[in-house]
Amino acid sequence: MTIKYPKGSSHLLTSHSKKVSTKKPISFANRGMSFEAEINQTNQYYLDRGIAVIHKKPTPVQIVNVDYPKRSAAVIKEAYFKEASTTDYNGVYKGKYIDFEAKETKNKTSFPLTNFHEHQIVHMEKCLVQEGIVFVLMSFSSIRRYFLVPASLVIEFWSQQNNNGRKSIPLGVIEERGSEITPGFSPRIPYLETLDRYFGEGDNFK
Numbered sequence: 012m013t014i015k016y017p018k019g020s021s022h023l024l025t026s027h028s029k030k031v032s033t034k035k036p037i038s039f040a041n042r043g044m045s046f047e048a049e050i051n052q053t054n055q056y057y058l059d060r061g062i063a064v065i066h067k068k069p070t071p072v073q074i075v076n077v078d079y080p081k082r083s084a085a086v087i088k089e090a091y092f093k094e095a096s097t098t099d100y101n102g103v104y105k106g107k108y109i110d111f112e113a114k115e116t117k118n119k120t121s122f123p124l125t126n127f128h129e130h131q132i133v134h135m136e137k138c139l140v141q142e143g144i145v146f147v148l149m150s151f152s153s154i155r156r157y158f159l160v161p162a163s164l165v166i167e168f169w170s171q172q173n174n175n176g177r178k179s180i181p182l183g184v185i186e187e188r189g190s191e192i193t194p195g196f197s198p199r200i201p202y203l204e205t206l207d208r209y210f211g212e213g214d215n216f217k
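Numbered per the working numbering, the sequence shown spans residues 12 to 217.
There could be a bad hint or two in this list.
To be verified - List time: in silico PhoX-like cross-link candidates among lysine-lysine, alpha-carbon distance up to 20 Å:
no. : residue 1 : residue 2
1   : Lys68     : Lys119
2   : Lys117    : Lys178
3   : Lys178    : Lys68
4   : Lys67     : Lys119
5   : Lys68     : Lys107
6   : Lys107    : Lys67
7   : Lys137    : Lys67
8   : Lys119    : Lys178
9   : Lys105    : Lys67
10  : Lys117    : Lys68
11  : Lys114    : Lys67
To be verified - With beta-carbon atoms standing in for the labels, derived distance ranges:
no. : residue 1 : residue 2 : range
12  : Asp59     : Pro194    : 12 to 22 Å
13  : Pro80     : Glu142    : 43 to 53 Å
14  : Phe196    : Asn76     : 40 to 50 Å
Treat the hints as calculated values from the structure; they're not laboratory data.
We put the CB at the ideal spot given by N, CA and C, even for glycine.
Full structure from sequences and hints, please.
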């Protein structure tokens with residue numbers, strides 16, 4: 012399978028039965044798990060133990076060309092990855108709707124707002140209106156620090172950016188108004204424990 016990325020907002024996906032991609036696979040042994048993989052492992056841990064039901068939302072795909080070599084089989088020849096219109100993850104925890112985005116930066120002193128898109132900000136605002144628990148998991152990969160940041164903080168800085176404000180959230184502000192996550196082995200990113208501490212123990216999230 013060969014993935015091509017043309018100009019524009021969509022990504023073109025083409026499949027050839029005999030062509031094999033020369034791209035080298037990612038070695039988790041050498042580089043460690045990706046931030047997304049760490050969160051997915053954590054979500055599976057929560058699911059297996061009945062703690063929460065939280066899943067990554069699938070990326071929407073528009074199929075435009077399908078070949079039917081057999082009546083019982085279909086081969087997708089051409090499809091487009093469409094830009095997701097919401098956030099990365101959602102689910103239920105302690106009877107509350109959970110919705111969050113996961114973002115990563117190599118910056119050491121601030122988190123760039125360019126990591127976000129307008130539609131994600133709008134989605135988080137709408138979830139907050141419905142009293143959902145909405146936040147962002149941030150990874151500062153260069154300094155190996157993780158934070159749970161309330162969506163309201165990201166929305167605040169996004170609004171300021173649109174009024175000639177700064178284009179990033181300072182690490183100091185994230186430390187003050189967010190909550191740092193201490194990574195573990197299993198679960199790798201214990202963000203629900205951090206969520207409990209941030210919003211208060213028990214079921215009374217506010």
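Comparing the hints with the structure gives:
1. Lys68 x Lys119: violated, 29 Å
2. Lys117 x Lys178: Holds, because 15 Å separates the two Cα atoms, which is no more than 20 Å.
3. Lys178 x Lys68: Measuring from Cα to Cα gives roughly 27 Å; hence the hint is violated.
4. Lys67 x Lys119: violated, 27 Å
5. Lys68 x Lys107: holds, 18 Å
6. Lys107 x Lys67: It holds: about 17 Å lies between the C-alpha atoms, which stays within 20 Å.
7. Lys137 x Lys67: Roughly 19 Å between the alpha carbons, so the hint for Lys137 and Lys67 holds.
8. Lys119 x Lys178: Holds, at roughly 15 Å.
9. Lys105 x Lys67: holds, 18 Å
10. Lys117 x Lys68: violated, 24 Å
11. Lys114 x Lys67: holds, 13 Å
12. Asp59 x Pro194: 12 to 22 Å: holds, 19 Å
13. Pro80 x Glu142: 43 to 53 Å: Holds: the Cβ-Cβ distance is about 51 Å, inside 43 to 53 Å.
14. Phe196 x Asn76: 40 to 50 Å: Between Phe196 and Asn76, where Cβ atoms are some 45 Å apart, the hint holds.
The earlier numbered hints that this structure contradicts are 1, 3, 4 and 10.
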